[in-house]
Amino acid sequence: MTAYAELDAVSNFSFLEGGSHPGEMVAQAQLLGMSAIGVADRNTLAGVVRAHREAKRAGMRLLVGARLVFTDGTQLIVYPRDRAAYGRLCRLLSLGKSEVLGDEHGDRTIKGQCRLTFDQALAHGEGLVAIAPAPRVIDATFGARLRRWASAWPERLYLGANPLCDGRDRARLGHLARLAEAAGAPMIATNAALYHHHGRRPLQDVLACIREGTTVDAAGFALQANAERHLKAPAEMARLFAGHERALTRGAEVVAACTFSLDELSYHYPGEPVPPGKTAQQHLADLTREGAAWRYPDGVPAEVSATIAKELKLIEQRAYPHYFLTVHDVVKWARAQNILCQGRGSAANSVVCYCLGITSVDPVGQSLLFERFISSERDEPPDIDVDFEHARREEVIQYIYGRYGRDRAAICATVIHYRPRSAIREVGKALGLSEDVTGSLASTVWGSWGEGVEDGHVDRTGLDREDPRLTLALNLTRELIGFPRHLSQHVGGFVLTEGPLVELVPVGNAAMADRTFIEWDKDDIDELKIMKVDVLALGMLTAIQKGFALIERHYGQAWDLAKVFLRKDMEAPVYDMLCKADSVGVFQVESRAQMAMLPRLRPRVFYDLVVEVAIVRPGPIQGNMVHPYLAARAAKREAEARGLTYEIDFPKPAPPHHPDELKNILGKTMGVPLFQEQAMRIAMEAAEFTGDEANGLRRAMATFRHNGTIGNYEEMLAGRMKARGYDPQFADDCFNQIKGFGEYGFPESHAASFALLVYVSAWMKRFYPEVFCAALLNSQPMGFYAPAQLVRDAREHGVEVRPPDINASDWDCTLEDLAPGKVRALRLGLRQIDGFRSAWAETLKEVRAAAPFTSLDDLRRRAALPAKALEMLAAADALGSLDLSRRGGLWAARGLPRSAPLPLFAGAGLEEADGPPPAALPVPALSEEVVGDYETLRLSLKAHPVSFLRERLKRAGAIPASRVATDPAGRRTAVGGVVLVRQRPGTARGVCFITLEDETGVANIVVWPKLFETFRPVIMGARMMLVRGKLQRAEGVTHMVAEAIEDWTDSLSVLSDGPLRTVPAHGDEATSSAPGRGDPPRHHHPRDVRVLPKSRDFH
Amino acid sequence: MGQPHADARAASPTLVTAPAQPERDAEVLKALALWAERYSPVVAMDAASPGREGLLIDMTGGAHLFGGEAALLTDMAHRLTQAAIPARLAMADTAGAAWALARFGKQRRIAPPGRTREALGPLPVPALRLAGEDVRLLARFGLRTIGDLMSLPRAGLARRFRGEAGLTLVRRLDQALGVEPEILEGVRPPPAWRVWRNFLEPVIDAAGVETVLNDLAPSLAEILERDGQGARRLALTGFRVDGRTTTLTVSLSLPSARAGHLAKVLKERGLEHLDLGFGVDAMMLSAEVAEPLSPVQSDLDRGLDGDQRLALSGLLDRLGARLGETAVYHLEGRPSWLPERSQVRRPAGEGPPASAPAAPGLPERPLLLLDPPEPVTALAGLPDGPPARFTWRRATHRVVRAQGPERLSAEWWRPARRAKPARTRDYYRVEDGEGRRYWLFREGLYGREDQLEQLDANGVAEQISFPPEWWMHGVFA
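In order, the protein sequence lines correspond to chains A and B. Mapping the first sequence onto this note's numbering, position 359 (from 1) lands on 359, and the numbers just tick up by one. Mapping the second sequence onto this note's numbering, position 268 (from 1) lands on 268, and the numbers just tick up by one.
These are calculated hints, taken from the structure and not from any lab test. Just so you know, even glycine gets a beta-carbon here, dropped at the ideal spot from N, CA and C. It cannot be assumed that every hint is accurate.
[Stated by the list, open to error] Residues from chain B that face chain A, not an exhaustive set, calculated with beta carbons under 7 Å:
hint	residue
1	ARG159
2	ARG160
3	THR247
4	THR249
5	TRP337
6	ALA402
7	LEU408
8	TRP412
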C-alpha cells in the first residue's frame, strides 16, 4: 500500500470550520493506515496538544503546524522542521495576534484575530516546510503567486493539490501539475480535510451556517457541494491521484524532514534571583529557616524541623525550589501592598509554605500534613493556588507581568466549549428553528453540562420529537457539544518561562486591557509538564481585609489571619455561635445546607471546620458518607461523656489482607472517607491501583464533565475492593463518592485553607458584628445573602444601622461612634443606592468637609452633582438631614434646572428651585416608604414588607417565622413570607428547599417531589407565599414540611397602592355577552409588583 | 405578562403557548377597522401601546344615524358579540377620554357631552396613554389618578419630566379634556367615490350580491360622472356579520364610468370570489383609483423602451388575466448545489429576477433540465466509473465520451421526497455515438450508501441491499 500522509487537515480548533476534534483526526488517520498526519489549524496551535496526546496514545506520527491565513485571504500551511523553527512559528503567530499592524483597528488586535502577511511569514520562514493549498478556482494570479512564493521561501515549498469531485478533477490535477513544475513547487497530494469522517458533513454545514449567520436553507454555496472532504484511505487517494503517483509520496518526504515533536519542548521554569554565592535551594532553605523562627517565636518544635528537612529534600529532588521562591515572592509583594492572600492546593499544605507566609495554618499543629505533599509517583508539577482579595487581584497580575516581562509571563487559555444550551441555540438557528423553539429547548437544560437535551425534557416543552427538523437539531446538538468555541483567558493561571514564552507557544492579547494569554489551556499545560502559578480572586478575602482595616481604625487593634487563628482564648464563643448555625455571612458555611449541618456536626476544633466545609458536597453526599460520619461522631461524643474511649470501626478487607490498611488513611475522619485524597488513596491501597491507573482515575475525575470516562473505573475500583473482601456497599459508595468529586472535587488541602477563612469570618462576626456587616456590604457582590439579609442579621445582633444620608454617608458603609463601651453604629454607604456612582460620593465627602449641606439648593450649588444623582439621593430618602422627605425631595430635585447654573447667574439666586412641594402631594403610608426603600436600596430599615400583611397572615392561620423554631414539632401550622432562596440540589433527589422571610425571621421549607409537581407554578413563580405544613425538628434544626402552598405575590402589590386609594373597579359591569372573554387583560398597576429583589435560585 | 417563556414553562409545564404574531395581530385589527367603516369613514387603528390596541372611530355628527349614542354602542356591541369578538366600548367628547374610559372605565361607558372632566377624574394615570416610566414617576410622587393631576399646577408638573415627557403628559391631559384637539388618521383615506347599501336580512349568496351590485353600479357611475372621473380600480366590499369584510377588486385598463361596464368587469372577475361567510349585511362599491375621463396620453419621456416595457407588461397583464396570475413566470436562479433546486419560478408580475449568486467555477449545466429526473438503466464501472452504455426512454445509447463524476450530496436537512433516503449523486456529462449530449447521474455510492437499514416484521433492524440507481437529469443543446 502507498505510504500516504494527509498534510492538509483542520480540526475544530479552526473554529466554525473544522468538523472534528484533533484527537478524532489523529485516530482516524491511524485507522485508515496513514503513515502520519499533519493537523494545521487556522492561525493557531491551540489544538496541537490534544492531537499530540492522541498521537502519543495511538503511536501515530503527528506533524505539528499551522495554516497561515494572510490578510489578503491567501493561505500557506507550514510545518516546522525542528525546535528552532517551531519557536519561529510561535513567534510569528504571536506577532499576528498581538502586534500593532498600523491599520485602522487601533492599538490592539481584536481578540481571536490574527493579522499576518506573507512577508511577515517569510521573515520567520527559516526551517518551516510550506504547502500552498490550491484554491477552488485556479487562475493566473495563483500561478504567479506560487512562482513568487516558491522562489522566495527559504525552505521547500510545495503545491498542495486536492480533488474537488466536481467532474473535472483530471483537468484540475493536470493543470496544477504543470503549474507546480513551472513554479518549482513540487505538487503534493492532499484532500483538504475538514473532518475525519464523511458522516460529519451535516455538522460541518451547520458550522458554516453559524459562521455565515445564515440557515442551511439559505446558505446555498456557502456549504460544500459534497461530503468528500474527509480523511481518505491511502488506496482511495491513490485512485484519485492516478497518474500523479509522485505527488502521493511527497507527503512522506515532508514527514521525514519535519522531525519536531512537542515532546522536545523542554520547559524551563524561570530562575528566581538569589543572593550571590547561593543556589536557589539554599536560598529557599534560608528563607524557610527565617520563616520558621518567625512562625515559632518560642523555638521551632523538633517535629516541625524534621518535616521541613523532609520537604526541602523532596523539593530539591524534584528541582522545584524556583517555583516555591516565585510563589513566595508574589505573596511577599502582596503583603507589602497590604493585599490579603492565602495559598491552597496540595503543596500549599506544607510547613515550608507556612513558614514562607504563603499559608496561615500550621499544618503540623493541625495535623493536616500529608507525608507526601507532592506525590512522588505523580509526575506532576506542584500545585499552589493563591487567593487574593478580589478587588485587588489585578494589581498582583500586573506585578507578575512587570516582574517577568510580557515575553516570559502570560495567562493560560480556557477553551470555551459548546455546552448544551449554546449548542442547541446555535444549531437550532442554523436549521431555521424559531427562537421560541430553541429557547424552550435550551431552557430545559438544568445546569450547564450534559450530553444533550433529554427526550423527557423535549416532551415537556410540548414540541413534537417526531418532527424531522427537531430530531436533526437534537442529534447535531449532541455532536456539537464539547466542540471548542473560542479561547478565553483562564481566571488566573500564569505560565512563567525562563526563555521567551513566545517561542514556546503563541501568545495573544486578551479582551481585557493589559492582559496577554497563551493558546493552551490548563490540561495542555499539564500534558507538557509546564508549571503554572494560579492567582485567583476571592471576595471573602476582600471583606476580611476591609474588616481588619475597620477594626484597626475604630478599635485600634491590628489583626491578621494567623493572629486570629492563634488566639485560642477567643475560640469557644466562635464555635458556640457556629454550633447554633448563626452563620449568615460567614464564608462557605452560610448556605442553607451548611446551616443545617452545623448543629449536627457541632464543630469545636479547627479540623471540624475542615470537615464541615468538605462534607456538604456532592462527593460525600453521593457516596453516602455523611450519615456514617455524623453517627460515628455522635457515638464518640456519647462514649466520651460516659468516660469511655471510642474505638473507630474501620472498613476492613478480608484476610489475608491487613485489616488495618485503611486506618492511616481514615484515622482523622472517624473511619469515613470524606476527602478526594482519601478516595485516591483508597483506590491505591484497597483496590491496589498502580500509579498509572491512579493517574488515569485522577484525570477521569478531573475531566468527568467533558467526557464521562469515569465509568470505566467502576469495575476496577469497586470490583477489586469487593474481591478483596470489603463490604460491597462500602465499595460502591467509594466509587459513587469519586464520581461526586468529579463534579466538584474538594481535597482536604483546599478545605483546610477555606476552613481558616470560615473561622476568621466567624470570629469577626462574633466579636465585631458591625465591622463584619460593613465589610461584607463594602465587598458586594459576594456571598449567599443579599444586603437586606446581612443588615437584618446585624441588627438582630444588636448593631444599630443608620440610613444613608448626604451629610453622613461615604461611598462605603462606615462606623459611627456611639456612647463609649457600646459597639459602633453602622452607617449605610451611598453604594447601597442603586445606580449611584462612587465619584459622586467622593465629591460629596470632599465638599461637605468644609461645612454640612443645608439645603437642596446648597447641595446642588456646592457639589455640582448631575440632576440624576440628586434624584437618586432623594429617591433613596437620603436627604433626611435637609428635612426633605422622599417625595418632597424628589419633587424638588426633579424641579431643579437640568444643567449646572451658568457662572454669571451662579450667585444671583435667579435659579431658585421653585418653592416648596405643593400641598397636593399625598403623604405616603409607611408601607409605601418601605417599598420606596426597597426600590432604591433593596432593603429598608423602617419595616419589613411582610409586617404590613401580618393581620392578613394571622387570619389565614400563619404563625411568624420566629415561632417555627419554638412551636412544638409535629404541629400543623402555616407560615408566610417573601421567598429568599429556592434550591433544588441535584444531590437531594428532587427535594426542593425554600427559605421564606418575614419580619420576625426566616423559615425553612422542605417540599417533597410529589408535592413539588402539584404546586410547581407557585413554587417557581411566587415572590411571596404561604406554606401550610408540619413542623419537623431534628438535631436542633426545624423545617416545615410543606403540605400546601399558596401564592401571595399579589398581596405585595397592596403595599405600593397606598392607603386604600383604590382605583375604580374595572370590568365590574361585565355585561359583555361573551363571558370570560370580554374582559381585556387587567391593566398593570403603575408600580411594578417587584417590590423585592428577586429571590436567588440554585439548581 | 412580561414573564420569560422559560419561567412560565418551569412554573407550569403543561402551559399552552403560541408565539406572538404582531403582524397577524395588526392584520386582524386592520380587518376590524375596515369593518368598522360601516359606522364612519374615519376609523383609526390605535396600536401605539402594545397590549392595549384598539380602534378609534370618529363619530362626530354621526351617532344620530344609528339612533343616538347609546343605541350606537348597543348596536356595535351586538354585532361584535354576534361575531364573537370581545370588545370594550366607550364614547366621549374626545378620543383620549374615550380611550381611557374603554380601557379603565366601566363597560360601555358614555361620558355625556361636557362632562369629560368628571368622567376622567377617578381613572388611574395610565389611562392617559403615558409611557411606563412616566407613570412610575407619577406614582413616586404619590399621584395615581387623573384627578390627582388635574389639581396640580401644569407648569410645575411638566417640569418634573425629562425631555418631551412633560409636554406629552400635559398634552395627553389636554387632549383627553378636549383643550387640545387630536386628529385621527383613518386606516385608509376614505374613497372619494363610494356608495353603500344596508340590508335587514344578510345577503348570503352570489345571486344576492349581483342584485346589490346592479343596484350600486349606477349610483357609483352617477357620482363618478358628476366629477368627470373614470374608475381605474373598483372595490366591492361586503361587511360580514362576523365582523370581517370581504372585498373584490378589479383594475380597469381604461378609466370608465359606465354603470354597465363597471358591473360587468366585477362579474367577470367572479362574484363567487367574495367570501360571504354567514352573510353580509352591508355592501359598499367604491372607486379606489380614479382618473379623469380623457384619452390616455402616452409617456413621451420614455421613448421606445418605455413603450416596449408598457407593451410587455400589458401582455403579461393580459396573459395573466387569461391564464391565471401564476401561469406566467420568470426562472430565477437560487443558490443551491442541487440542479432542480437551483432555479425557482417567480411570478411575472413581480418583475424581472435579480441576478442570483453563482458558485465559483460551477461546471456547465444542461439547457433542458428534466424535473423530476427520469429513470435510466446503465452499465458502468465500479465504484464511480462513467456509464458505458445507457437506456433511456426505451432507446439505448452507447457512450463515446464522458466527463465526471461531479459529486453532489443530498440536502440532508430536507425530509426525503420519497420513502427512501436521498443519496449522494455522481453526475456525468456524456456524449453518445450521434453527438448528443446528456446529463445523467448515479444516485448512491457503492460501499457507503448501498445498504439500507430497515425494520423487519419483528421490529429487528436488518441490512437490505439498496443498489445505486441511474437517472437522466438533462439534455445539453
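Going through the hints against the structure:
1. ARG159: holds (5 Å)
2. ARG160: The hint holds - B:ARG160 has a Cβ within 7 Å of chain A, the shortest such distance being about 4 Å.
3. THR247: Result: violated, 27 Å to nearest chain A Cβ.
4. THR249: violated (32 Å)
5. TRP337: holds (5 Å)
6. ALA402: This interface hint is violated because 10 Å lies over the 7 Å limit.
7. LEU408: holds (6 Å)
8. TRP412: Hint holds; B:TRP412 Cβ to chain A Cβ min 5 Å, cut 7 Å.
When the structure is compared with the earlier hints, violations turn up for hints 3, 4 and 6 and for no others.
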